[in-house]
Amino acid sequence: MGCGMGKSKLQLKKSIRAALLIQRWYRQYVARLEMRRRCTWNIFQSIEYAGEQDQIKLYNFFGFLMDHFTPASSERNLISHIFRENEICRDTEWERYFCYKDIEVPDSYTGPHLTFPMTFCGVSKLVEAFKHKQLHARYVLQLLGETWRLLRILPNINQVSACHTKEITICGDLHGHLEDLLLIFYKNGLPSSEKPYVFNGDFVDRGKNSLEILLILFGFLLVYPNDVHLNRGNHEDHIVNLRYGFTKEVLGKYRMHGKKILKLLQKIFSWLPLATVIDHKVLIVHGGISDTTDLNTIARVDRHKYVSVLRPPKPTHHAVNGSKTQMMNNRNREAGGLVEGRRRVCSLTYHSSNGLAHQIVDMLWSDPMPQNGCSPNEVRGGGCYWGPDVSEEVLGKHNLQLLIRSHECKQEGYEFCHNRRVLTIFSASNYYEVGSNRGAYIRMGPDLVPHFIQYQASRTSREFTLRQSIGWTERSALRALKEQLFVHKSDLISAFHEFDPNNTGLISLSHWASVTEKVLNLGLPWRVLRPQLVSSTRYGMVDYHQWIRELSITEPKLEISDNSILETMYKNHSNLETIFRIIDTDHSGLISFEEFRQTWKLLSSHLKTEISDKAIADLAQSIDFNKDGSIDINEFMEAFRLVDLSAHS
Amino acid sequence: MMPLVHRLIFWETPVEIGTIIYSLGCFPTQADLHDFTAEVEEGHTGYIHLDKFLPVMTKVLLENKYPPIPEDLLLQAFEVLDKEKKGYLEPEDLTKYMTQEGDVFTQEEMDEMLTALVDHEKNLIYYKDLINLLTIDPDM
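First to last, the protein sequences are chains U and A.
Just so we're aligned: the first sequence equals residues 271 to 919 in the numbering used here.
Just so we're aligned: the second sequence equals residues 5 to 144 in the numbering used here.
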């Protein structure tokens, strides 16, 4: 008996040791995956924000040109042409322009027919129909017109009460992801008087159903104006839309009336409320706050005058009650000369109330940071970074207990920070890539305690393991990163040369990492990424010419003699597209050679590079695919899209 | 190597100290982690300062204090649990061991482990194949 007991005791000890070993091994594996996930996340986020910063730099440049060129300059004319201000019309004149009544709906139209005033039935029908159909332009304009009229009587800050045993649902960024909105409605129910909703901005851009989402949200707003609340996001801005896909989406879906629809949306966006407050205790804004945020001031602004955050001020009208279109310009130019840390109070160069503009920009563009203080948000190029002390101060000043904001993608769809005083909610799942993140929404009852529901829209029914979904997302991030590396290859190679004076073609790993960061400026952990970016090293050295070749990005085969212009094109792909679309004021999709040439001249000023007239002419020739003297923007952008060879392997 | 640690702590949700140590190629036990944490933690705040972390972590790496588990040892461990030497484990058995013995797994950890390790067709865990797959850097 003694023998038997001893044996089973030994067996037990062995099992425990075995279990310990397996547990240790498995936890290590999971931790490595977690680090890879964070790296991948960093990559996507850095590239995303670098793009935003890029656009703002472009606009600052235009602003600079406007200020410093004499009226005779052709560049200035182009910019004025580009930023043609809204003619000062009365709203009644605009109403005539936007009138839908002459638009006939043909018998062949199989989409939904709307009747006004909108009813719950009508909107639900719309939700169903959008799964497969498109709404006729007549109804689009009619719905938008009604929305515009309603928004004009709403205050800057929606005041909501959760007191009547009603739970409020709060959603974050949707970015054109219709499947996520439908998933939310499926899980949570449609908006109604019993089911109030707050949508916290960024309804459009990036995803392919931005317009459908807007129409659904506006539809519910019309039916339940007291129970559905919309906050403006930084993407509810027609100039941002030029770059991030919404403009293209609308013009693609509505060839004849797209321009009118976009114009009306421009007005609607400027009339969207800026914030929502629940029971005077919970503040909901899209971006966040700054150390100068004052809700009483915000409540009094003429919010509709801030059409776009990215528009430089009018060159001629500096009157006090003239243009109030302010932009990032001032803040950024000051930030350039800034001593570390503190933001300076902006100068009163243009307008006595441009402090107001800053407050609005801050509300829509800012991000929280872990340390105390408040500094310009240089990553995005607009708004600020605010710290926990600012949260305490601003919330305290207004007697609030919680700030709910969106604007940043979060892995789990939501995240607390600043001692649980700030809550980020993000509702677009799979934002960077399939499997990259969940979306989430908040349910909040009279006790004002947030509850979270998470989800992830998926096109396949198969469950990915953690490893598979991280791998998938990671591959996608690496592809995006390789493209960035490729478009900077000239700069990279010349920077590498500085550390390779004997021209051996080799460079140490630590130099490789520091150079790559200096050139790309993405703040990424290059040495951790190295095994996935550099396939072979020789004695701890990188063969950088080979490395660049191995990035395996193909360039399209076009007869262009000037390689440097190609590289400029890749690097400034999005900027180019933005400028083209601005120039194409009648939204025909075509621009003339002369406009093309002027764009390049502008761009080369901005980039401080030389681009010869001949090179531009050659380029124009080679891309005039149908030889009719004009350039099709879509074709042009397609022709210069980089293709990652390894994606097909 | 170290700048990665700094940035990820700085900008993201705080990452667990165990995750960082594991991802640097070390295989500490839970007891090892407790000791490490005790040495570097800021009082009882639950936070660790980078300045304190770096020298201690560097020492760990130079001394190879928490070396990796050799593959054959891992295989033996599975074989101990696979009493009848069938070549596979049933999910229920593995669950019992992982959640009741040693440094027990939480339900969440167990669910994720099962999703990752179980062959979905046969509903069994073929550990021999898995060891290879998961021990080398997971690169798909």
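In short, the hints are calculated from the structure, not lab data.
Take the hints with a grain of salt, since some may be wrong.
What the hints assert, rightly or not - Calculated lysine-lysine pairs in the DSSO-like style (CA-CA distance at most 27 Å, straight line):
hint, chain 1, residue 1, chain 2, residue 2
1, U, 284, A, 69
2, A, 100, U, 279
3, U, 283, A, 56
4, A, 100, A, 89
5, A, 69, A, 56
6, U, 284, A, 132
7, U, 371, U, 327
8, U, 277, A, 89
9, U, 284, A, 56
10, A, 69, U, 277
Said to hold, decoys possible - Under 8 Å between C-beta atoms, here's a sample of chain A residues computed to sit facing chain U:
hint, residue
11, 21
12, 23
13, 26
14, 27
15, 33
16, 65
17, 73
18, 74
19, 76
20, 78
21, 79
22, 101
23, 106
24, 114
By construction, the Cβ of each residue, glycine as well, lies at the ideal position given by its N, Cα and C atoms.
Outcome of the hint check:
1. 284(U) - 69(A): Satisfied, since the Cα-Cα distance of roughly 23 Å is no more than 27 Å.
2. 100(A) - 279(U): 18 Å, holds
3. 283(U) - 56(A): 37 Å, violated
4. 100(A) - 89(A): Holds - the C-alpha atoms of residue 89(A) and residue 100(A) are around 18 Å apart, at most 27 Å.
5. 69(A) - 56(A): Within the cut-off at roughly 18 Å; holds.
6. 284(U) - 132(A): Between residue 284(U) and residue 132(A) the Cα gap is close to 19 Å, so the pair holds against 27 Å.
7. 371(U) - 327(U): 42 Å, violated
8. 277(U) - 89(A): 18 Å, holds
9. 284(U) - 56(A): Roughly 37 Å separates the two Cα atoms, so the pair is violated.
10. 69(A) - 277(U): Not OK: residue 69(A) and residue 277(U) at ~33 Å, beyond 27 Å, violated.
11. 21: With Cβ-Cβ at 10 Å, over 8 Å, it is violated.
12. 23: 4 Å, holds
13. 26: Given a least distance of 3 Å, the restraint on residue 26(A) holds.
14. 27: 4 Å, holds
15. 33: 6 Å, holds
16. 65: Where the cut-off is 8 Å and the nearest Cβ of chain U is about 15 Å from residue 65(A), the hint is violated.
17. 73: 5 Å, holds
18. 74: It is violated, given that the least Cβ distance between residue 74(A) and chain U is near 10 Å, above 8 Å.
19. 76: 12 Å, violated
20. 78: Constraint on residue 78(A) satisfied, holds at 6 Å.
21. 79: 10 Å, violated
22. 101: 5 Å, holds
23. 106: 4 Å, holds
24. 114: At about 10 Å, which exceeds the 8 Å cut-off, the nearest Cβ of chain U leaves the hint on residue 114(A) violated.
Taken one by one, the earlier hints fail for this structure at numbers 3, 7, 9, 10, 11, 16, 18, 19, 21, 24, listed in ascending order.
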